[in-house]
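**Q** Spelled out, the chains give:
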Amino acid sequence: MMITVTVNGQAHTRDVEPRMLLVHFLRDELRLTGTHWGCDTSNCGVCVVHLDGTPVKSCSVLAVMADGHEVTTVEGLERDGELDTVQKGFVECHGLQCGFCTPGMMLTARWLLDRDPDPSEAEIREAISGQLCRCTGYENIVRSVRWAAESEAAS
Amino acid sequence: MSAYGRMHRKEDARFIRGRGTYTDDVNLPGMLHGAVLRSPHAHAAIVSIDTSAAEAHPKVKAVITGETLAGLRLAWMPTLSGDTQAVLATDKVRFQGQEVAFVVAEDRYAARDALELIDVEYEPLPAVVDARRALDEDAPVIRDDLDGKADNHIFDWQAGDKAATDAIFERAQVTVAQDMLYPRVHPAPLETCGAVADFDRVTGKLTVWCPTQAPHAHRTLYAMVAGIPEHKIRVISPDIGGGFGNKVGIYPGYVCAIVGSIVTGRPVKWMEDRSENLMSTSFARDYHMHGEIAATRDGRIQAIRVKVLADHGAFNGTAQPTKYPAGFFHVFTGSYDLAAAHCEVTGVYTNKAPGGVAYACSFRVTEAVYLVERLVDVLAVELDMDPAELRMRNLLKPGQFPYTSPTGWEYDSGDYPRTLRLALDMAGYDKLRAEQADRRAAGGPLMGIGISFFTEAVGAGPRKHMDILGLGMADGAELRVHPTGKAVLRVSCQSQGQGHETTFAQIVAQELGMSPGDVEVVHGDTDQTPFGLGTYGSRSTPVSGAATAMVARKVRERARVVASAMLEASPEDLEWAEGRWAVRGDPATGKSMAEIALAAHSGLELPEGVEGHLDAVCVYNPPNLTYPFGAYVCVVDVDPGTGQVKVRRFVAVDDCGVRINPMIVEGQIHGGLADGVGMALMQLMAFDEEGNHLGASFMDYLLPTAVECPSWELGETVTPSPHHPIGAKGVGESATVGSPAAVVNAVVDALRPYGVRHADMPLTPANVWLTIQGRPFRTDLAIP
Ligand code: FES
Ligand code: FES
Numbered sequence: 001m002m003i004t005v006t007v008n009g010q011a012h013t014r015d016v017e018p019r020m021l022l023v024h025f026l027r028d029e030l031r032l033t034g035t036h037w038g039c040d041t042s043n044c045g046v047c048v049v050h051l052d053g054t055p056v057k058s059c060s061v062l063a064v065m066a067d068g069h070e071v072t073t074v075e076g077l078e079r080d081g082e083l084d085t086v087q088k089g090f091v092e093c094h095g096l097q098c099g100f101c102t103p104g105m106m107l108t109a110r111w112l113l114d115r116d117p118d119p120s121e122a123e124i125r126e127a128i129s130g131q132l133c134r135c136t137g138y139e140n141i142v143r144s145v146r147w148a149a150e151s152e153a154a155s
Numbered sequence: 001m002s003a004y005g006r007m008h009r010k011e012d013a014r015f016i017r018g019r020g021t022y023t024d025d026v027n028l029p030g031m032l033h034g035a036v037l038r039s040p041h042a043h044a045a046i047v048s049i050d051t052s053a054a055e056a057h058p059k060v061k062a063v064i065t066g067e068t069l070a071g072l073r074l075a076w077m078p079t080l081s082g083d084t085q086a087v088l089a090t091d092k093v094r095f096q097g098q099e100v101a102f103v104v105a106e107d108r109y110a111a112r113d114a115l116e117l118i119d120v121e122y123e124p125l126p127a128v129v130d131a132r133r134a135l136d137e138d139a140p141v142i143r144d145d146l147d148g149k150a151d152n153h154i155f156d157w158q159a160g161d162k163a164a165t166d167a168i169f170e171r172a173q174v175t176v177a178q179d180m181l182y183p184r185v186h187p188a189p190l191e192t193c194g195a196v197a198d199f200d201r202v203t204g205k206l207t208v209w210c211p212t213q214a215p216h217a218h219r220t221l222y223a224m225v226a227g228i229p230e231h232k233i234r235v236i237s238p239d240i241g242g243g244f245g246n247k248v249g250i251y252p253g254y255v256c257a258i259v260g261s262i263v264t265g266r267p268v269k270w271m272e273d274r275s276e277n278l279m280s281t282s283f284a285r286d287y288h289m290h291g292e293i294a295a296t297r298d299g300r301i302q303a304i305r306v307k308v309l310a311d312h313g314a315f316n317g318t319a320q321p322t323k324y325p326a327g328f329f330h331v332f333t334g335s336y337d338l339a340a341a342h343c344e345v346t347g348v349y350t351n352k353a354p355g356g357v358a359y360a361c362s363f364r365v366t367e368a369v370y371l372v373e374r375l376v377d378v379l380a381v382e383l384d385m386d387p388a389e390l391r392m393r394n395l396l397k398p399g400q401f402p403y404t405s406p407t408g409w410e411y412d413s414g415d416y417p418r419t420l421r422l423a424l425d426m427a428g429y430d431k432l433r434a435e436q437a438d439r440r441a442a443g444g445p446l447m448g449i450g451i452s453f454f455t456e457a458v459g460a461g462p463r464k465h466m467d468i469l470g471l472g473m474a475d476g477a478e479l480r481v482h483p484t485g486k487a488v489l490r491v492s493c494q495s496q497g498q499g500h501e502t503t504f505a506q507i508v509a510q511e512l513g514m515s516p517g518d519v520e521v522v523h524g525d526t527d528q529t530p531f532g533l534g535t536y537g538s539r540s541t542p543v544s545g546a547a548t549a550m551v552a553r554k555v556r557e558r559a560r561v562v563a564s565a566m567l568e569a570s571p572e573d574l575e576w577a578e579g580r581w582a583v584r585g586d587p588a589t590g591k592s593m594a595e596i597a598l599a600a601h602s603g604l605e606l607p608e609g610v611e612g613h614l615d616a617v618c619v620y621n622p623p624n625l626t627y628p629f630g631a632y633v634c635v636v637d638v639d640p641g642t643g644q645v646k647v648r649r650f651v652a653v654d655d656c657g658v659r660i661n662p663m664i665v666e667g668q669i670h671g672g673l674a675d676g677v678g679m680a681l682m683q684l685m686a687f688d689e690e691g692n693h694l695g696a697s698f699m700d701y702l703l704p705t706a707v708e709c710p711s712w713e714l715g716e717t718v719t720p721s722p723h724h725p726i727g728a729k730g731v732g733e734s735a736t737v738g739s740p741a742a743v744v745n746a747v748v749d750a751l752r753p754y755g756v757r758h759a760d761m762p763l764t765p766a767n768v769w770l771t772i773q774g775r776p777f778r779t780d781l782a783i784p
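As you go down the protein sequences, you meet chains A and B in turn. Residue numbering for the first sequence follows my numbering, beginning at 1 and increasing consecutively. Residue numbering for the second sequence follows my numbering, beginning at 1 and increasing consecutively.
Since the hints were made in silico from the structure, they are not lab data. A few of these clues could be false.
Stated by the list, open to error - Label-pair restraints from in silico Cβ distances:
| # | chain 1 | residue 1 | chain 2 | residue 2 | range |
| --- | --- | --- | --- | --- | --- |
| 1 | A | Arg115 | B | Ala442 | 38 to 46 Å |
| 2 | A | Glu17 | B | Ala13 | 29 to 37 Å |
| 3 | A | Gly53 | B | Pro623 | 53 to 61 Å |
| 4 | B | Gly399 | A | Ser42 | 54 to 62 Å |
| 5 | A | Met1 | B | Asp700 | 30 to 38 Å |
| 6 | B | Gly443 | A | Ala153 | 43 to 51 Å |
| 7 | A | Thr6 | B | Asp425 | 50 to 58 Å |
| 8 | A | Ser42 | B | Arg778 | 25 to 33 Å |
| 9 | A | Arg115 | B | Arg752 | 43 to 51 Å |
| 10 | B | Gly265 | A | Glu121 | 54 to 62 Å |
What the hints assert, rightly or not - Some, not all, of what chain B presents toward chain A, calculated at C-beta under 7 Å:
| # | residue |
| --- | --- |
| 11 | Val47 |
| 12 | Pro189 |
| 13 | Ser275 |
| 14 | His670 |
| 15 | Leu703 |
Quick reminder that beta carbons are idealized off the backbone N, C-alpha and C, glycines included.
Model the full structure from these sequences, guided by the hints.
**A** Structure, rendered in structure tokens:
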């Protein structure tokens, strides 16, 4: 099937099998390997991207379902050489270790802050509760998101 | 100025941009994709395998079976414990999920499609699922491939003084015994295992990308297994999405990818899926323990003895030093001053995946800590004594270090009472107990407080005592200082998220008076780094960190000679101060490493016999292990109606000696604490009577999310290791080792009004609820 998906602002047209997952489309077809894959059951969230601005697990979306839609991946967070505040927050607060969950965590955090610029610790935990991190014990992820919220409020 | 301290990580720049390179991100021209066909049975004879339909698939390039491999003498491979393991099953399958065939195809979807086309006829056999039945007379023999093997016994091993221990138990005023299971768990890093193999038929060179924690050991093993000369093998361990012990061993899929590349002449990628990861790669623990503790009535602990039945699965594939089939389990005397101790461990085969030592356990120190910390709590109940008080009375005193334990360990340093006191203060222990007493008096909601005090033995090891398959556990480091004073450090250990590129740069910077930003750390590529055994058992900082400090000191001494030529003074008249070599008493003459480096590469005349340049290499063979320790306090609320446990607070005071980058240390502790909560409360990996794996996805094998984790409260004490060059002890596994006991102790404490003295992990709502009803169940077998 021919599909056209706009990823990080750029349109990509490809002929794909109808069963191809969006995560594989991004990784294997477009070589955007910042989106990861970690489970067979839609539990881990390392594959999270934005589909028309909403976080989705790209392992649970077929590439053909994204035809005509806009996808943002971790590679699209940085704009004109300027890191997103969330990216800065993760560095500042040591919100990542192996980095495997990080793209998905940051994309969910970006979505959360766009809706709620001042989320509480509990709200942040709730927002990322569909995603796993095996390294950080979540503490510093929560702090990273708070840091981003505060720094966006201050600017 | 110290280069130690909180510093942002160098590796973050690529990870936050999605620019890391994990194994599955490696993409080579002409690359093919592999997939593994696995056994649906736990134990079955293979009658026939028909691959013809798969071979006819238009996108399939090769189908490899055990028979193909047998022709190459690769059907079996050695395990890290000197046993053998089937790469692809030939005679029979011995656990559910075992590798049976390997398909190489043009893309990953086609490879999976072709698996469906392979027809395997099995003849199911009765399975050994319950480790306690493995040695029964009539138990089916799993390893009939081993010459003359007529039972499922692997080893008997013991440590300590049995006679002295038994004598104490005979006279003891109080003894208590407790059976406990440390159930099978899986480390489940978010990146699964996999490999990209590229065999170049022209040069004969094999390059393997795989997420290995021990690239050099892998290369040596590939050379031994596949017969490819070691200098023609390059193992590249790129960025790793978490390891936790899961990525120490060599898995059949890696060998299949290599064979696939040799057979097709093209690069082959194989990445396992999550179910494959959970079902077939290294599990951890599975220790059935019977512990006994002897004490005086006033709470003086005298001796511990323990019998362990160790379930090693179908192949003995634990990764541990050869001398120690039970790992470092005999450090189970913990942090206490005992007169005697003894343990007996029996290892058995069952129809489950191989493994045993994995999951941030410091070679079974996790099981040891859990045993002793549960036993001490059981004793506290028996004596009706506060568990904090009981521990305080029995902890080793600072003056007793260096301390030789009853099972032969030489603890390097410690101030245990100070650490426990700090943890209790931070938690507000007395207040918590008062709150609990009030609630109990009022019949209010259940609340429990659990303490765990652990001592770890990490940084394996002294080479003469510790090896893996004959390879001594030493690690190398190589340091080059370029003419402009920028340095490149090459180390044998491999980060899986621990931040070595930052921490190790800080060590070099500290030793040479440089900025960490001027030090690049290279790791994870056997063509570029010196030999060493890699990263597991919390050994990076204790061993490679020491090698790094030592090689930097070598460079510093070379720099001294160069500086003396620059300053026209004799080397003995120079002193190292403020990161410079200066004439003693005249700091204004100081030469920085950058100035010295330039001179070392210049035409400067050096004393007779002195080479130019500053580069150096070194191998660090640790004189002893290091012994980090810590005190943890966990507070839980338990709903007796649902059995739900909520971790309200968790206080962790760790002493890992000198902290190079406290930010990274704390991050490691946070992660380990979450792991401990997960193991204690939810990570269930049970099997039914046919050996079906009931925890083979993240829907069934639950891992803690941000919602189940509290905000961790950390404290620290610092007791440097006296024998480590920079006084560091290692911390990667401390929290995983120490925390499960604190959580379980807290839950059992909460259930005390119901007369509960013990319950096995994981303390799922069902398990807690049944325990309250007086009907606890075995968490290693299917839920009743
Ligand atoms: S890969 Fe695990 S949720 Fe998508
Ligand atoms: S940083 Fe490793 S899984 Fe989150």
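**Q** Does each hint hold? Answer for all of them.
**A** These are the hints, each one checked on the structure:
1. Remark: the range hint 38 to 46 Å for A/Arg115 to B/Ala442 is upheld by a beta-carbon distance near 42 Å.
2. The beta-carbon spacing between A/Glu17 and B/Ala13, approximately 36 Å, falls within the hinted interval of 29 to 37 Å.
3. About 59 Å separates the C-beta atoms of A/Gly53 and B/Pro623, a value consistent with the hinted range of 53 to 61 Å.
4. The given range of 54 to 62 Å is respected by B/Gly399 and A/Ser42, whose C-beta atoms sit roughly 56 Å from each other.
5. Distance hint check for A/Met1 and B/Asp700: the Cβ-Cβ separation is about 34 Å, which falls inside the suggested range of 30 to 38 Å.
6. Between B/Gly443 and A/Ala153 the beta carbon distance is about 46 Å. The supplied range of 43 to 51 Å therefore holds.
7. At roughly 57 Å, the beta-carbon separation of A/Thr6 and B/Asp425 lies within the given 50 to 58 Å, and the hint holds.
8. Distance hint check for A/Ser42 and B/Arg778: the Cβ-Cβ separation is about 30 Å, which falls inside the suggested range of 25 to 33 Å.
9. Here the CB-CB span from A/Arg115 to B/Arg752 is close to 45 Å, well matched to the stated 43 to 51 Å.
10. Distance hint for B/Gly265 and A/Glu121: a CB-CB separation of about 55 Å, consistent with the stated range 54 to 62 Å.
11. Because the closest C-beta pair between B/Val47 and chain A is about 29 Å apart, greater than 7 Å, the hint is violated.
12. With a cut of 7 Å, the hint placing B/Pro189 at the interface with chain A holds, because the nearest CB-to-CB distance is about 6 Å.
13. For B/Ser275, the interface hint holds, since its Cβ comes within 7 Å of a Cβ in chain A; the closest pair sits about 6 Å apart.
14. A least Cβ separation of about 3 Å between B/His670 and chain A falls short of the 7 Å threshold, and the interface hint therefore holds.
15. Given the 7 Å rule on beta carbons, the hint for B/Leu703 holds: about 5 Å separates it from the nearest Cβ of chain A.
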